[in-house]
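S.K.: The primary structure of each chain is shown beneath.
Protein chains: 2
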Amino acid sequence: MAIAGHTNNYTTAALAFTLAVVSASAAVSLYRWRRRGEDLECRIKELEKSLGSTMEKSASERRGRVKAQQALREALAQSESQDLHNTIYPMRPIGTIRSCFSTRNGTPRQPLLVSLARACLNFDPALVPPASLEGLGEYSHCWIIYVFHLNTDIEKLWRKPSQSKLKAKVRVPRLNGERKGVFATRSPHRPCPIGLTVAKVEEIQKDKVLLSGVDLVDGTPVLDIKPYLPYSDSIQEATVPDWVKEDCLLAVASVSFSDTFCSSITSCWKLIEKNSLYSSADEFKSLITQVLSWDIRSMSQRNKPQDTSDADSIVYHLVLEGLDVSYMIDNERKILVQDVSLPNNLEDVAGT
Amino acid sequence: MAIAGHTNNYTTAALAFTLAVVSASAAVSLYRWRRRGEDLECRIKELEKSLGSTMEKSASERRGRVKAQQALREALAQSESQDLHNTIYPMRPIGTIRSCFSTRNGTPRQPLLVSLARACLNFDPALVPPASLEGLGEYSHCWIIYVFHLNTDIEKLWRKPSQSKLKAKVRVPRLNGERKGVFATRSPHRPCPIGLTVAKVEEIQKDKVLLSGVDLVDGTPVLDIKPYLPYSDSIQEATVPDWVKEDCLLAVASVSFSDTFCSSITSCWKLIEKNSLYSSADEFKSLITQVLSWDIRSMSQRNKPQDTSDADSIVYHLVLEGLDVSYMIDNERKILVQDVSLPNNLEDVAGT
Chain A
0 MAIAGHTNNY TTAALAFTLA VVSASAAVSL YRWRRRGEDL ECRIKELEKS LGSTMEKSAS
60 ERRGRVKAQQ ALREALAQSE SQDLHNTIYP MRPIGTIRSC FSTRNGTPRQ PLLVSLARAC
120 LNFDPALVPP ASLEGLGEYS HCWIIYVFHL NTDIEKLWRK PSQSKLKAKV RVPRLNGERK
180 GVFATRSPHR PCPIGLTVAK VEEIQKDKVL LSGVDLVDGT PVLDIKPYLP YSDSIQEATV
240 PDWVKEDCLL AVASVSFSDT FCSSITSCWK LIEKNSLYSS ADEFKSLITQ VLSWDIRSMS
300 QRNKPQDTSD ADSIVYHLVL EGLDVSYMID NERKILVQDV SLPNNLEDVA GT
Chain B
0 MAIAGHTNNY TTAALAFTLA VVSASAAVSL YRWRRRGEDL ECRIKELEKS LGSTMEKSAS
60 ERRGRVKAQQ ALREALAQSE SQDLHNTIYP MRPIGTIRSC FSTRNGTPRQ PLLVSLARAC
120 LNFDPALVPP ASLEGLGEYS HCWIIYVFHL NTDIEKLWRK PSQSKLKAKV RVPRLNGERK
180 GVFATRSPHR PCPIGLTVAK VEEIQKDKVL LSGVDLVDGT PVLDIKPYLP YSDSIQEATV
240 PDWVKEDCLL AVASVSFSDT FCSSITSCWK LIEKNSLYSS ADEFKSLITQ VLSWDIRSMS
300 QRNKPQDTSD ADSIVYHLVL EGLDVSYMID NERKILVQDV SLPNNLEDVA GT
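From first to last, the protein sequence lines are chains A and B. Residue 330 in numbering that gives the first Met the number 0 sits at position 331 of the first sequence; the count goes up by one each step and never skips. Residue 185 in numbering that gives the first Met the number 0 sits at position 186 of the second sequence; the count goes up by one each step and never skips.
Simulated from the structure, these hints should not be mistaken for lab results. Treat the hints with caution; some may be incorrect.
Unchecked claim - Simulated crosslink set (DSSO-like; lysine-lysine; CA at most 30 Å straight-line):
#1 A:205 <-> B:48
#2 B:205 <-> A:166
#3 B:66 <-> A:166
#4 B:207 <-> A:66
#5 A:48 <-> B:269
#6 B:159 <-> A:48
#7 B:44 <-> A:44
#8 A:155 <-> B:48
#9 A:244 <-> A:155
#10 A:205 <-> B:56
#11 B:166 <-> B:207
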């Protein structure tokens, strides 16, 4: 039994040892596995977080890409519609007119009618090097192809042509407002608002041309100028409809100046003479006479006097060289120039 | 001892049991933890894979967004530079010329020189309703403002103006190639490639105008037409430099036709008469005579005969109404029209 007891004791001790070893190793393994599990869980949480934020980022990039691509498609479609079948030509003006006519009102309806109507064509130096003007001074006259930039419908016509309603017929002043097809007239309101006029070439300078007899309003963008060639441009046998024939329908009887005008002009002239196209107040006065020699009032002005109770006392305005010239016209078509002043606001007088 | 032996036995059994339990539970726990670890590892692998592909996707979306935004910026910058300071006007032609002159070569250098030079202006119905032409037929002549669309530099000039090199001076045929400022000429190679010409108004139809005396090449885009007004457009006193004065420098002595031509024209005419601007082969022959009455060869053709060994035998080509007309010119400026045929390739004869 002692041996058995010893054997038992040995067995117990071995078992206890084994138990301890097993328990310890199990505890260590468990600890390791649990630790590893915790690490893995940590890593999973990190990964899940990364994945979440990356997915979010990817979605945001996708939204950005889709948005940018949509905008690009739109931009391309727009520029494509502008270039549709190569049928739209982007025209860059070669220069701008500085004219004695500050506003449309008072600007002659034809060239060469007002010989003192002066203008200066200032060239864009990037498009017009001085050498390109060599020889132009040898011609007496030149054509000017320009843009009717003051047309109220011009922005729409060029930016959104589909929304722009073109008038097929226009009212003709010579016909007392009767309508004619726009291509039978020189009306500025035409599908392609390009103007054509002729002017006298007075002097060529480095980056400008001085002109006279113009019917161009200040600020007009010029697309091209060409020499006037009598052998191709002057057609003796050309005929026009009766209603177009030159007549004196619009000529006035006389133009005279009030004392008020004569005292005002001296002080006004001092304010503008430095930048004027004219050399003296007298020359400027001659310009006024020439401009007013034709009834320059619009159809509506002639037909609808603002104050019907006393039509004779209506005061009309004309802006020349930036000065507001006021005048009256009586029933015998005699004009009295009343006053001249620096306008408070050009816009205010432009339409009156 | 028996008790102790029993106690020992109990202890051993308890220990063995505990060991078995501990071992089993450790094995189970270990199995579970190992299994969990494996699951977690699997999940991590999945997550890592997802993260990898999502990051790749995000990077690709980012590349797409950046690319689209760059393209958008470029497109916007381009359309902005086109609208720079509102100084570029998008011009849409009102119609296109169908002319008897198939190519630039042979097209007269001035209007009205060749009275049989016919053309038809076909209007864009979206821009030109028939009513807009009402009254145009009462005028004998009209101005045509058009685009020099065959200029070889036109695409560059309009698409990339900054890269387009404008020539300030051009060689003038009348001056045997001497150079003059481009604005002292009617050269098509000008900063704004707009042409101005006059034509006789023959007939107004619903959506077209028949014209004669034109110097316009087939396919010319037309921006505007305006009635010719003698009281403003015909300037009697206009003067030009000596070198421009009308002269007979370019007139030829005579134009005659070979037997080959006379037999060819009958069969050729049948091919074109249906769509021709002319009513008979004889009328077409008169057109050829009129066109060739002026030496239409270019400066380089006149100065550099292709075959210097026998300058008299050089054959020149002219394309009218789509037919290739070949001719020779001798030292006495007498022209012999040799043959007429349907060209194999318009391009081939256009430049010769």
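S.K.: So, for every hint listed, does it hold in this structure?
M.R.: Quick rundown of the hints versus the structure:
1. Using a Cα cut-off of 30 Å, the hinted pair residue 205 (chain A) and residue 48 (chain B) is violated, with the two alpha carbons roughly 73 Å apart.
2. Restraint check: the Cα-Cα separation between residue 205 (chain B) and residue 166 (chain A) comes to about 17 Å, which is no more than 30 Å; the hinted pair holds.
3. Distance restraint check for residue 66 (chain B) and residue 166 (chain A): the Cα-Cα separation of roughly 45 Å exceeds the 30 Å cut-off, and the hinted pair is therefore not satisfied.
4. Distance hint between residue 207 (chain B) and residue 66 (chain A) is unfulfilled; the C-alpha atoms sit about 46 Å from each other, more than 30 Å.
5. The suggested pairing of residue 48 (chain A) with residue 269 (chain B) is violated, with an alpha-carbon distance near 83 Å, which exceeds 30 Å.
6. Our distance criterion of 30 Å between C-alpha atoms is broken by residue 159 (chain B) and residue 48 (chain A), whose separation comes to about 51 Å.
7. About 13 Å separates the Cα atoms of residue 44 (chain B) and residue 44 (chain A), which keeps this hinted pair within 30 Å; it holds.
8. Note on residue 155 (chain A) and residue 48 (chain B): the hinted pairing is violated, with a Cα-Cα distance of about 56 Å set against a maximum of 30 Å.
9. Distance hint between residue 244 (chain A) and residue 155 (chain A) is unfulfilled; the C-alpha atoms sit about 34 Å from each other, more than 30 Å.
10. Our distance criterion of 30 Å between C-alpha atoms is broken by residue 205 (chain A) and residue 56 (chain B), whose separation comes to about 61 Å.
11. Restraint check for residue 166 (chain B) and residue 207 (chain B): not satisfied, since their Cα atoms lie roughly 36 Å apart, outside the 30 Å limit.
Violated hints, in rising order: 1, 3, 4, 5, 6, 8, 9, 10, 11; the structure is consistent with all others.
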